[in-house]
Amino acid sequence: MEGQQVIDWDEAMEQCGDDEEFLRELLADLRGEVDTQLVKIDDTLKNPGDNPYHRIMRASHVIKGAASNLMCQQLRATATTLEQAAAGAQDMGQDASAMATVQNCYNDLKVAVSNYHAFLQSIGI
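Numbering (full-length UniProt numbering), first residue to last: 1 to 125.
To be clear, the hints were calculated from the coordinates, so they are not data collected in a lab. Since the model is a prediction, treat every value here as computed from it, not as a measurement.
Here are the simulated distance ranges between beta carbons:
hint	residue 1	residue 2	range
1	Gln121	Asp42	13 to 23 angstroms
2	Lys46	Asp95	17 to 27 angstroms
3	Asp42	Gly93	13 to 23 angstroms
4	His117	Asn47	21 to 31 angstroms
5	Val111	Asn51	18 to 28 angstroms
6	Ala118	Ala87	24 to 34 angstroms
7	His117	Arg58	14 to 24 angstroms
8	Glu14	Ser97	34 to 44 angstroms
9	Gln5	Gln84	15 to 25 angstroms
Backbone N, C-alpha and C define an ideal beta-carbon position, used for all residues, glycine too.
Required output: the full structure, derived from the provided sequences and hints.
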C-alpha cells in the first residue's frame, strides 16, 4: 500500500470527462458503497456461517471494481488482495491460517478505506 496514491486525480478526472462536480459525486457514492461492503465483510468475519469466503470474495470484488473505475489505487489493490486471499482460503476449507490471512488482508483494506475517507474529508466531500 505504501507509495500508492489514494486516487489518481488526473486519471479520475479524465474518466469523468473533466467534470469535477460529477467526480466528487461519484467519490461520495463510492464511500457509501465501500462502507456497505465493509459491514458485510465484518459481519461475515464475526459470524462466518455458510460460505464465508465466498461472501468476502463478492464484497471485496464490488469494492475492487468500483475503486478501479474511479482510479482509487489503494482501495483497488487492497480489495484485490483480500479477494484473492478469500479465494485461496475457500480452497483450503476452514483452515485457521487461511482465516488469519484473510483477516490480515481485511485489516489492510480498512486502512485503505480510512485513507480514502481522510482524502475525501481533505477535499470537502
